[in-house]
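Here is what each chain is made of, one letter per residue.
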Amino acid sequence: EIVLTQSPATLSLSPGERATLSCRASESVTRNLAWYQQKPGQAPKLVIYDASKRATGIPARFSGSGSGTEFTLTISSLEPEDFAVYYCQQRSNWRCSFGRGTKLEIK
Amino acid sequence: QVQLVESGGGVVQPGKSLRLSCAASGFSFSTYGMFWVRQAPGKGPEWVAFVSPDEMIKYHTDSVEGRFTISRDDSKSTLYLQMNSLRTEDTAVYFCARDRLESLRFPSHYYDFWGQGTLVTVSA
Chain A
189 EIVLTQSPAT
199 LSLSPGERAT
209 LSCRASESVT
219 RNLAWYQQKP
229 GQAPKLVIYD
239 ASKRATGIPA
249 RFSGSGSGTE
259 FTLTISSLEP
269 EDFAVYYCQQ
279 RSNWRCSFGR
289 GTKLEIK
Chain B
0 QVQLVESGGG
10 VVQPGKSLRL
20 SCAASGFSFS
30 TYGMFWVRQA
40 PGKGPEWVAF
50 VSPDEMIKYH
60 TDSVEGRFTI
70 SRDDSKSTLY
80 LQMNSLRTED
90 TAVYFCARDR
100 LESLRFPSHY
110 YDFWGQGTLV
120 TVSA
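Protein chains in written order, with my numbering: chain A, 189 to 295; chain B, 0 to 123.
Just chain A, same shape as in the assembly (with noise of 0.2 Å):
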């Protein structure tokens, strides 16, 4: 199974700040990499996939990049409503699995 190590656990910002969250796998996926974003009782949303398209109504500042086993999503200024946890997922194999998330906090 691919294991996929988020870091940091939590990421303290205030808005208007710029967000940089990193996923590492633990063998190359090439570009098979999704990010999910996860409020409190909420499901999870489809923010990035293909590590750098964004989901349909993802705002621009959202963006994505990285390929093999490093990959790094971006949020170039952040607004209230993006202080969530994110979850980076591959699905380089039909065992597809998921990190263990970033928690991004308003500081």
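By construction, these hints were calculated from the structure, which means they are not laboratory data.
There's no promise every hint is true.
[Unchecked claim] Straight-line C-alpha distance at most 30 Å; calculated DSBU-like pairs for lysine-lysine: (1) Lys-227/A - Lys-42/B; (2) Lys-291/A - Lys-241/A; (3) Lys-42/B - Lys-241/A; (4) Lys-227/A - Lys-291/A; (5) Lys-15/B - Lys-57/B; (6) Lys-241/A - Lys-57/B; (7) Lys-42/B - Lys-15/B; (8) Lys-57/B - Lys-233/A; (9) Lys-15/B - Lys-295/A; (10) Lys-233/A - Lys-75/B; (11) Lys-15/B - Lys-291/A; (12) Lys-42/B - Lys-291/A; (13) Lys-233/A - Lys-295/A; (14) Lys-75/B - Lys-15/B; (15) Lys-241/A - Lys-227/A; (16) Lys-295/A - Lys-227/A; (17) Lys-42/B - Lys-57/B; (18) Lys-295/A - Lys-241/A; (19) Lys-291/A - Lys-233/A.
Nothing here was measured: the structure is a model prediction, and the numbers come from that model.
Mind docking chain B on chain A? Use the hints.
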């Protein structure tokens, strides 16, 4: 708009069975691959099972293989998860989710719409 509504969760003893349902609306259910994804308290999501649009392909994660079975009834636009021999480690919120692509044989394995989830608690 796309809606997925799960039901069937509850509290059950180890070794017992439950069947989860997911009623879909707002899209052509029969042309999308569908998934069950679960999330234990305080943990990240975990993919559980996949079924292709024509039900010819079914995958289950190793930890539920032989105990859980995914199925679908396109006439009712409903997805099911039959869960047998439940274990305490199966305790989680169970979500149904739609594949991002409308594909018969090549799902994207990205989940673009999710239900609100149904809680399954396995406890003696």
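Comparing the hints with the structure gives:
no.: 1; hint: Lys-227/A - Lys-42/B; verdict: holds, 13 Å
no.: 2; hint: Lys-291/A - Lys-241/A; verdict: holds, 22 Å
no.: 3; hint: Lys-42/B - Lys-241/A; verdict: holds, 26 Å
no.: 4; hint: Lys-227/A - Lys-291/A; verdict: holds, 10 Å
no.: 5; hint: Lys-15/B - Lys-57/B; verdict: holds, 23 Å
no.: 6; hint: Lys-241/A - Lys-57/B; verdict: holds, 27 Å
no.: 7; hint: Lys-42/B - Lys-15/B; verdict: holds, 24 Å
no.: 8; hint: Lys-57/B - Lys-233/A; verdict: holds, 24 Å
no.: 9; hint: Lys-15/B - Lys-295/A; verdict: violated, 45 Å
no.: 10; hint: Lys-233/A - Lys-75/B; verdict: holds, 26 Å
no.: 11; hint: Lys-15/B - Lys-291/A; verdict: violated, 35 Å
no.: 12; hint: Lys-42/B - Lys-291/A; verdict: holds, 12 Å
no.: 13; hint: Lys-233/A - Lys-295/A; verdict: holds, 23 Å
no.: 14; hint: Lys-75/B - Lys-15/B; verdict: holds, 26 Å
no.: 15; hint: Lys-241/A - Lys-227/A; verdict: holds, 21 Å
no.: 16; hint: Lys-295/A - Lys-227/A; verdict: holds, 17 Å
no.: 17; hint: Lys-42/B - Lys-57/B; verdict: holds, 25 Å
no.: 18; hint: Lys-295/A - Lys-241/A; verdict: holds, 28 Å
no.: 19; hint: Lys-291/A - Lys-233/A; verdict: holds, 15 Å
The structure is inconsistent with the numbered hints 9 and 11, although it conforms to all the rest.
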